[in-house]
Each structure stands twice: as structure tokens, then as C-alpha cells.
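> Single-letter residue listing:
Number of protein chains: 2
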Amino acid sequence: MDYKVVGTSVPRLDAVAKVTGRAKYADDYLERDMLIGKVLRSPYGHANIKSIDTSEAKALEGVEAVITSKDLPQIKFATAGHPWSLEPGHRDVEDRLIITDKVRFWGEPVAAVVAVDEITAERALKLIKVEYEVLPVVIDQSDAIKEGAPIIHSERPDNIISSFGNGVGDIEKELGQADLVFSNEFITSTVQHCHIENHSAYAYVEPDGRMTIVTSTQIPHIVRRIVGQALGMPWGQIKVIKPYIGGGFGNKQDVVIEPLTAAMSLSVDGRPVRYALTREEVFIDTRVRHAMKFNFNTAVSKDGKLLGIDIKNLVNNGAYASHGHSVTMSAGSKFRPLYDFKAIKYSPKTIYTNIPAAGAMRGYGVPQMFFALESHLDDIAKSLNMDPVGFRMKNLIKQDYVDPSSKNVVRSFGLPECIKKGKELINWDEKRKLYGHDTGNIRRGVGMACFSYFSGTYPVALEAAGARIVMNQDGSVQLQIGATEIGQGSDTAFAQMTAEVLGIPINMVHVISVQDTDVTPFDTGAYASRQTFVTGAAVKKAAVEVKNKVLEFAARKTGLEPEELNIVDCKIVEPRRGAVVCSLEDIAMESYYDRMYSCPITSDTSVNMRNNAIAYGVTFAEVEVDVPTGKIEVKEIYNVHDSGTIINPMLAEGQVHGGVSMALGYALSEQMLFDEKTGKTLNNNLLDYKLQTIMDTPAIGSAFVEVPDGAGSFGQKSLGENTTISPAPAIRNAVLHATGVAFNRLPMNPQRVFEKFKEEGLI
Amino acid sequence: MDYKVVGTSVPRLDAVAKVTGRAKYADDYLERDMLIGKVLRSPYGHANIKSIDTSEAKALEGVEAVITSKDLPQIKFATAGHPWSLEPGHRDVEDRLIITDKVRFWGEPVAAVVAVDEITAERALKLIKVEYEVLPVVIDQSDAIKEGAPIIHSERPDNIISSFGNGVGDIEKELGQADLVFSNEFITSTVQHCHIENHSAYAYVEPDGRMTIVTSTQIPHIVRRIVGQALGMPWGQIKVIKPYIGGGFGNKQDVVIEPLTAAMSLSVDGRPVRYALTREEVFIDTRVRHAMKFNFNTAVSKDGKLLGIDIKNLVNNGAYASHGHSVTMSAGSKFRPLYDFKAIKYSPKTIYTNIPAAGAMRGYGVPQMFFALESHLDDIAKSLNMDPVGFRMKNLIKQDYVDPSSKNVVRSFGLPECIKKGKELINWDEKRKLYGHDTGNIRRGVGMACFSYFSGTYPVALEAAGARIVMNQDGSVQLQIGATEIGQGSDTAFAQMTAEVLGIPINMVHVISVQDTDVTPFDTGAYASRQTFVTGAAVKKAAVEVKNKVLEFAARKTGLEPEELNIVDCKIVEPRRGAVVCSLEDIAMESYYDRMYSCPITSDTSVNMRNNAIAYGVTFAEVEVDVPTGKIEVKEIYNVHDSGTIINPMLAEGQVHGGVSMALGYALSEQMLFDEKTGKTLNNNLLDYKLQTIMDTPAIGSAFVEVPDGAGSFGQKSLGENTTISPAPAIRNAVLHATGVAFNRLPMNPQRVFEKFKEEGLI
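If you're matching them up, the sequences are chains A and B in order.
Just so you know, we're using the working numbering here: the first sequence kicks off at -5 and counts up by one.
Just so you know, we're using the working numbering here: the second sequence kicks off at -5 and counts up by one.
Just to be clear, a hint being listed does not mean it is correct.
Repeated chains share a single entry, so a pair holds when one copy, or any two copies, can fit it.
DSS-like cross-link-like pairs, simulated, lysine-lysine; straight-line CA separation at most 30 Å [stated by the list, open to error]:
no., residue 1, residue 2
1, 414, 306
2, 551, 401
3, 565, 70
4, 625, 70
These are calculated hints, taken from the structure and not from any lab test.
Could you build the full structure based on these sequences and the hints that come with them?
As C-alpha cells, this is what we get:
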């Protein structure tokens, strides 16, 4: 397609607002006489609460309310940011109270204070007396399912949230008949999103009794629903406003602080109360990425054909279910349309432990799976003495592949081209030969890893999105979408789509970036890399509807049929004659002010996307390993993506930079550490938690193979999460190439690398 | 019709918000680092500006900008709050600059200051040096059209804005042939709206270059357009937000302060600037009611049949055109479908003078006309020795009358019934006999007056209105309308209409009371008593669309046709069987979450109302006149209205109370006084301007004759302005009855009454 605005590197619409500090985040919204909410956190990782005495706290001047579980509705609710399901069996696990009546992780809130200021609130917390019955703690998922392990939720005495799995083909047959069977174990760590903006919200009750919540969320419409459920209020009584967001990465695809914020406001007769987490609180009381332990048994023919794979996965879900088994199932699903296995069996267990609850995080279980799978494949290739690229190429599925489980169709398959491009970028063939034979302290290697990912959640969950367009008198438009800009640039992409359809420049599309659930079209939110694909369809539909209305006005004016007209560069044209009929502004003005036909042009549409598009990509990385210190330095790294049509190359590159940076931390340094006895989080701050900084980050290369996908409104597929999936295994495989040592556990930080090298006799 | 919610006295939706002080008005909105704008006002009523030196003011610390006319676009614009017309000949007079380059009234702004606070701004104003060439002033409209009068606008050297009039029939013939011709002159005064909330606005420029204006206005969409015109900006670059409004009465149906507020913000690089008028400024620099001088020549048959009326009207429009001749034409149009004249000739002149500009005010010229006409009719009845009621009854038009000029049809005509009801309420027949013969100091009398009024402006101007409804998961809805709640209660009326159509209780309709031109459906605004009638049609249309969508969902679920279903009390019912099919909530939930059919239910509609409905009413008043002091006390007063179906009796009664109270001031005490030499307003404050207080206000009686009108979506017609039309002449006629003295000039304040009584020999 020959697009004019789609496919160009339009700067972010919010660029100026953000760099000048004028973009308003949740903390920048003010209400008169805002009160401050704070919570008291448990000093134990697992405990029964025997009693709480709040009397002294309540008596402190400036304290407006002190609340404990007893003061709140005893309605258990689920916090995962999924669209509601009409089928009860398809809903998330409801295992949470607004404030708990039993402590399940270290730092869990046991009481809350609302006070006139932060200092008073902090002082009041110290006056609350809690009597605990301390219980034994379990932090490892394997331990949690052992006989006699502490029971975290009485409803699930085996600590297993779910062990539902899936499979295709006959895995026993493949494993039994195969020339070779490779077995291995892979372990990933608990990490955190570390979005720049902490969770922050405030709530108040309107005089008509309706609750308003302003919050930093990816999912305003879901927040509305879950707050309603948690408080036992009709959902329509709740209004959620989403301002600019300083990153979420899935941690704001969960309803973490809003029910408590709303409850705080209700405890003071609906006065405005702000509840904002500190960084230290975010680490322990929001969500983390699931740590997983994979066990692979893989059937391979001696000529290197993958036949079957049997995957066991023990998933550490922490203290509450949150997205729990959805993430586990995503890990077991999204890798399928990549390699042509005859049989796949996936047997996971999602397990409660006494660590912070695991939830959604960029990639949604898939980075864990691909770290394991792509590491495993490199080990197999090495055993078979095959080039890792050649081995994978041999086993790729083909275009038009239908995923047997989801029935999703591979309509576009640019992965082979991505691999080709990646090889060229890193100079693969030469470096594979050159490196891999070092014996000194400094050793170099190159590695790669592939991935597949979906665009949205279809057919697992509802994929509804809405868009509304209002045309102004000058032909410019407002675009209202329920989908949320959370830093990823979606507003800009949607504006490009709108401008493209309407034949207007981008600066004539005014995106309403603040979502207000009262009036913003319904959309399930920013997650699952769904927005460009799913919401993009709604945006196109809304824009086409507006275009058609414009052309109908123009047709009435000209006596032509709408089909004979088009909008090009803000003009109504008759393409047959190459003639300009009138300006778009003329039509817009008539739509408002024509005495006979006045009907201002708007569209208020929604789509129910019953389709998916599989996106692909590959990472090629070159590392330099300092053997004596265990330090791995990434010298070059390239992500090459098949995400269909790229709506905005500059923003797409930005996604790659962010996603790869996040993956570098995942690969090399990040992990949350917990005390085994108490469950205490040991490094819940940005000093001790080793997030990658710009100093740790190499130049990140990106490239795109643009095969338009028939299911995308402009041929687009997902990109956002995709970028963070394959770097970790590519780095791991480069280290394998450099040193011959196979790391099967993340992160590959110097301590662990050093220990492993010692174990392997390198030092 | 048998309505459940329409027609009931639902309390105002904003009642609690307003009485608890939580309703947010323009002044309650805050921006960080808001600057303050103030203007320097001319001490002369008419002057050329020879020079302005702003250097000292600019040098004052804390002054961010000083602007004069020279710093601003030299684009003349019109301020009247009318929808734009595509026909140039139908547009308002463009005679205004944002800051003038010539002074035309006392107190006109000649420069503006933007400073960090009010005190600094006030100090800066004193440092601006202006050199004036003082010109002679003319404040009276008759003087302004005399030879040699000062020329106020060079474009119109005769000071006449327009002398366009109209007529039906052959007035010369009727006057020539009639048995009797009655002639008289009537004069009304300049008065002010005195809405509680002064004009207040603030503006800032978004980082993307778009202007946002938060303002106390009746007409947000029109503010947007006019600010765009005044500043030469594309209209789509401007966003106007209308919060709660503390009254407007037409004074906020004019774009008074917004262009300057926007210009102030532009002068400081788009930083937020608040410009709020004091009460003293509102009196001189917003709008006033047109003072009019009527000259009547009326042909009457000796048996009391009205045959023809020849009306001349000299209208004092003040220094700028504003609504100017529209008000004049309204005065000459809306009385027509009342009495069955064979011929009417209306010859007005709308005239510039050096007083504050006259604009829209409740009744829009019609209270002036009816004061004159109904006084005149009482004089005629008296001359003919006929009962004023009988005389009018004899001359009323009949139902199905077609106004020859507007072609508006009288579809419902409850006036005879109103008159009957009013007579009973005041005990007319008995009191007419009992009073009117007093000779002492205290004399009593009863009087009455009728009126006719339109519902909106059709066919004069565009009547477009929009409504959008969003249904929530619980079956409750948000209603978004471009029409503005300005205190009159329209939000509540619209909520009732929505609830009525959707079969839900009123508390399930959440009206979005704040208009935001970016997303709020287009509506021309609150004026011309149009909203219940015009916007009410849009609201019904939107609600019916939502209802139909609900029933389509329910039909799919049940296998029935939508026509076989209905919504009653939040349930989907099958009326034939008297059976409940499911709850409305069930359908609402499915509309969101059905995996196959998800399509959240909304409607985004507009109407172009090409119709009008004529409303009627009558006032009956009893007065007690203290002859020696000239004090008139209204003892009883009843307004009886034919406004079709009354949507909310309590709110309707409130409209009557407010409108009659305003009319009492108009009749008895209010007038703005100007110095003849300088044009200075002498009483621009609420101490010296004699607004009626609650102590001056008698119990006001109201009654309604509900004849549903076929053109109203629920049979409703206008009411808001109607209430203020007929009290003044009714009181005047009661005074005539009590004393035999005919007052032909307003107000009838003690000074004037005393003088007249002396002149007539009563004292």
C-alpha cells in the first residue's frame, strides 16, 4: 500500500508536553484539601492477624480515618486486568480482599490511614498495634508444592492455582520413537517492571454518590469494573480517569491500588484521598514477573528435525493469583506457531508462594519460555554440530500455518527474512567462524534466538475496542479512544491512521489522550501488544465512517456518488477528472451550519476483533565475556522484527530500544531477592536491584521486515512486548558460543557466571 | 401520555453539589502558576486614543505582558452567541476588536495587563499612560439619530445598525378604515442581568499549540468559533470547557471576555491566565437589556376587534452591535401569533449610542414589546369600557393559526385555559369590581397581561442539537449534551427524558454537566428557551437509539423481534405475555462482554430542528399603591403558562419564581443610569442598582395548563424566558386599575410614580 502518513516517522504527539514537563500525570492533578492515604505493612511474610488496635492512631490529630479489613466489604475479587467474562469458568481467581485478613507476603498491607498530610499518616501508622501469629514461609515454587508446605490460601491447600495445560499430537510417541531426546532444566528469576512512574491514584465521591478515581493505569475501563466488584458498587457508579502514564509494562494492567484508594475516600465521606506508592512499596506490593522452572524433553531426528517437545513448568505466582495461570498459559501457547513440532505437551503448575504476587509483565510469560526454549535449541544444535541458524531454519513453520490450538492463522511470515537480515547485520557467518575458539580471559561469541508472539489475546479473551471521531468546522478532528497511551506512543500511531484515512495532516488529528470511562469509548486497555492491531481496527473503522459521511455531504453538493469522490490533502477531489471539488473545510462547515442538512460529523464505533496476527522476530547478539570476573558485555545487539506494516518507524525503533534494554537487565543483572526464612524482599530499591542503566546499554540495532498482514487494518502486527523476548536467550547463546558454557538460569550476573565458570573449570 | 419520570418533580441533579459548595464553577478550576489578567478602562464615554505608553507598566516586576490594540489581530468580529451562518447576509455585525482602538463607552478596555497576581496587575494598570481625544457623547437612542449626533462607528455614520422591519397585511388600509385608532408611546429602561456569578474565564495553550479556555458561558461551541475568528486561529485549534454556571440570562450568550482571555494567554507564550470581571465591571463591560421606545398606532373596531397595529421602535443598542437587531426583530416577531390582527407593521431602528452594549437578556426584546403592547391594550380596553380579559379573549388567535411571517404553526393553544385559571387564582371578577374605586392613600387594583413566545429560533437561525448516550455494564447511562446547564435545570430535564425512554430510574442517568467542545456533541447553547424543546428532541432521539440497540440484543437472545419487547423498570419485558425476559443489566453486560456480539451500546446523534412551538402564558397581579410615597407593592402575582408538557413541575415552578422576580425588578425598580455628558454609568453596583431582593418579593404563584404540543419530543414547549415577559405589564395594568393612572415608562419606581401622580393630580 502506498500510505502517506502511516509508515512515516511522525514525532510523538506528546513529545513537547513531556519534555517541557507540562504533561499531567496522576500526581499532577490536584483537588482542594486532598487527604493522604498510607498503609501499614506486615513485617512478616506469612502470618495470621490476631488483633489490630487502631485506637491510638485514630486519636492522633490530623488522622481522618484508620481502616482495617474489618471495616471493608468482605468480597474476594480478582485483580488481573482482563476483560470480564460472562462464563464463570473463564474468570480470574478471586482471592483478594481490599485489605487482607491474613498476611501472605512480607510488606502486605494490614491497615490503612487517611490523614491530612503524609507526616501525620506516617506517624499514625506507628501507633497501630498488630498482634501476629507468625507462620512458616515458602518462597520457592518447588518447595511450595511439597508435602507439608505452608498453606497460603485455605481454599487451595496444595498451593496450586492451576495445573491446566495443553498439547497437540502424541508426545509419548514422538519421544519414544525419536533418534534423540534432549532433556534440560531452565530457571528464570523474579524481576520487576521498574516503570519510572510509581503507582499513584486518588479518589473522591461526587455529590451525586458516584466515585471518581484518577489513576496511573493501563486499563481504566477494567479498573472501573474491579473497583465496583471489590466495593460491591454498581459499575456505572464508578468513573476512572487515566492521565499521562509514565510506563506500566503490565504492572498497571492490574488493579493494584485503586480499590483501596476508593475505600480510603469512602472512609472519609467521599473526600479526596491520594494513595501513591513509594518505589520501595512498588517492588513488594504491586506485581512481579513470574519466576519459572522449565523441564524440557525434546524429540529430535538425527538430521536435526524437531519432532516433539514435552515441557513442564513450575511457575512461582507469589501470594495472590493476579494474572497467574494466564501468564503460564501464554508461555505455553505463543511459541507454538514457530517451529514445526509434530507433538507438543505443556504441563504447567502455577503455584502460590509467600513472595509478592506475580502478574503481567512485558511478554506475559513468553520471555521466560523463549529463554528456555531458545537456549535448549542452541544446546541441541551444538550437540548435533549444526549451525544454530541453520538448525532453526530447518524447523520453522511455513506461511499459512494454522496453530492447531488457537486456530490462529499465520497470514504473514517474515521471520526467514528477519533471520537473513540479522545475520547480515551482525556478520554472523564470519563471526561464528572467528569466535568460539578463544581460551584466554576475554572471549567473544555470537548468538541468536527467535520468537513468535500474538497480537492481542484472541481467541483466549474478548478483544473489544472503540473509537470515536468528532470533526471540527475546519476539518480537523478529535480522536477519542479507550485504548491507553502509556508511553508506548499509541496515540501517535492512532493519529497517523486517522490522518491516513481522512486525507489530512497529522496535526489536524487531536487525540484525547486522557481516558474518562464516562465518555471514552470502551476498550479493554493497553496490554498484550494489542492496541495497534485491535484498536487500530476500531480507529480505521471510525475514520472510514467519518470519511464516508464527508463524501456523502460532498456527493449531495456535487450531484455525484460518494464513490466517485475522495479526500486528498484536505480537499474533496474527483479522481476521474483529477479535479478539486471543494475543500474539506467547506464540507465540515456545511455539516455544522447548513440550514437544511446540518448534522455535525462524528463516528462512535467499536470492533470485536475475532482474529489474531502472529508476529515474529529474532535477536542477534555479540558478547565479550571476561572469564575471571564473570562479567558479560554485550558488544552488539540487533532485533529484527516481522511486525507487519510499521506504522511509525521512529516509535518502532523506540520500542526496540526499550524492550531490548529491559531484556538486557533480565539476562544479565536483575532479580528480586527474598529472605528464605521471613520472605522479606531484600533489594526493593533501585540501588540494590540492578536495573540496567544507560551506561550498561550498548547501541541497540533494530530492523524491520515489513510483510503486511491481512488481518491488520494497515497490515500491522504486534511489536511492543515482542522486543523483550529474544535478547536474553541470544545473549546466553552468544556466551555459549564464546565460552562453551551453557547458562540455564537467569540472570547471568557476574557472581553466578563466576561460580559457573569455576564449576566448569574455566577458572 | 402516561409518563413515569417525565412530569415528576425530580430534585435537581446538581442540588447537593450546589448546596454543599462542591459544584465547580470557572473560579474553582485551578492551574499551576496561573497568571492574572486585568484591563485598563477608559474614563471617557467617547474618545479617540491618541497614544498609549505602556513602558512603565511593562517594567514593573511581576508584570508578564501589557497589551493594547496594536499588539492584537486587527480582525473585527461579532460577539453575539448565534450559530454561524453560511450566508454572509445573515451574520451578526462585525464591529469589535479584542481591545478597541477607539473608546465608545465609559469603561471600555483600552489596554490589558498580565501579571503574577492581582495587586501587581492593578498597580501596572496605573502606570499605563493614555492620551485621549475626548469626543461628545450620546446616550439616548432618539438623540443618536438626530442630525449632527456624534458618530460612534465610522462604518455607520447615521448610528443605525439596522432599520429592517416587517409586516403583514395592509396597515394603511386598516388604520384608514378603522372606527378607532389608538396611539401611544412606551419607554423601557436599560437593565442588567445580575447573574450571581460574574464573567470569569481562564485560558492556556497546550504544548501542541491548541488553546483551552475554561469559561462561564451559555454557549461553549460558539465561544470556540468566535475566539477562533477574533484571533484568526482555526476553530479546531480551540477547546472550550464550560463548568457549572451561576446564571447567565443571556449575558453569557455573548462572547464577552474569552477572546481577550485567550489573547492574554498568547501574550505570555500560552501560560494560563485568568481574567475575571468584578461586579462593577460586569455592569459596564458585558451586556445590558435594550432600552426601547415604542410608538403604537392601533386600529380597532368599535366593538373591540383589533384590526391593525403599526409599531415603531427605537432601540438603544449601546456602543457595539452584539445581538443588536436580532433582539429588535425578536421583539417584533414573537407577539404575532397571539392576537388576530389583520395587519401588522413593525418599523424598528437599532441604534448605536455611547452606553454599554445591549445584548441578549431573558426574553430577548419581548418583555419590552409586551410591556408596551399589553399596556396599550389595557388602555384601549379602558377606553372601550371593556373588561381587559374579555377584550383580549375576543381578539385571540385560534389553534392551528399559522404565523404568516415565520410559518410557525400554533399546534397547541392553551392560553384561553391559562387565562381562565389565572382569573380564578386571583379572583379576578370579584376584585375588578371591588377595586378601582379607591380614593384614599392606599389603593388596590388587579391587572393582567398575556404573552406569546417561541421555543427556539426556527426559522430565523439554525437549531442544531446533539446528544450522546453511553450505556454502562449495569444498565445505567451517561448522557452527554452540548446544551448547557446554566442553573435552569436542563440537565435534570434531559435526565428525566432519558430515563423515561430507557425505562430506568433517574439516578441511573449520569449527566455529563461539563461541556468540552472537543468531545461534547455540538449544540448551539442555552438561549431562546430552546433546550427543552430542541435539545430535548436530540436527547429523545439518542435514548430511542440506545433503547433500540438494547432491544436488538434482547431480540437476538430471545428469538423475538425487537418490536415485541420493551424496557420497563430496568427489565426487558415481553408485553404481550406480561413476562420478564431478563434484566436490562443482563443485556448491558452482554453488549460489553459477549464473545461473539460484543458491541457496547452508545448513540451519538444530532437533530436539526426545523420546527417551532409557540408557548403562551398570562400574568395576573394585584397591587397596593401607596399614593403619597409612590410605592407600589405587589400583593399577589400568578403566572399561568401553556408550555405544553411540563417535564418537571418543581423546576418549572422555579423558573416562574426566577422569571417573575426578574420581572418585578424590571417593572418596579431596576434601571441603569448614565451621565449624559460623559456616558459614565452611575450605578454599576448592587447597592445603587436596585435589584429586587427576597424582601421585595411577594409569594409568586404559578400554574400550568398542559396541552402537549405535537412538535415537542414529549409535548413540551419553551418556558425559561417566558416567565419574565408578562409580569411588568400586568403590574402596570393593576396600577392603572387601582389609580386610573397609565404608566408608560419603566421602571415604575417610587420617584417616577410620585412625579406622575403629582402630574396627574393625585397628590
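> Is the C-alpha distance from residue 565 to residue 70 at most 30 Å within one copy, between copies, in both cases, or in neither?
between (57 Å within a copy, 28 Å between copies)
> Under a CA distance limit of 30 Å, which applies to residue 551 and residue 401: within one copy, between copies, both, or neither?
Between. Shortest inter-copy distance 27 Å satisfies the 30 Å Cα cut-off; intra-copy 48 Å does not.
> Should residue 414 paired with residue 306 be assigned to within, between, both, or neither, using CA atoms and 30 Å as the limit?
neither (32 Å within a copy, 90 Å between copies)
> Measure nothing new, just compare the shortest in-copy and cross-copy C-alpha distances for residue 625 and residue 70 to 30 Å and report within, between, both or neither.
neither (46 Å within a copy, 72 Å between copies)
Checked against the numbered hints above, the structure violates hints 1, 4; every other hint is satisfied.
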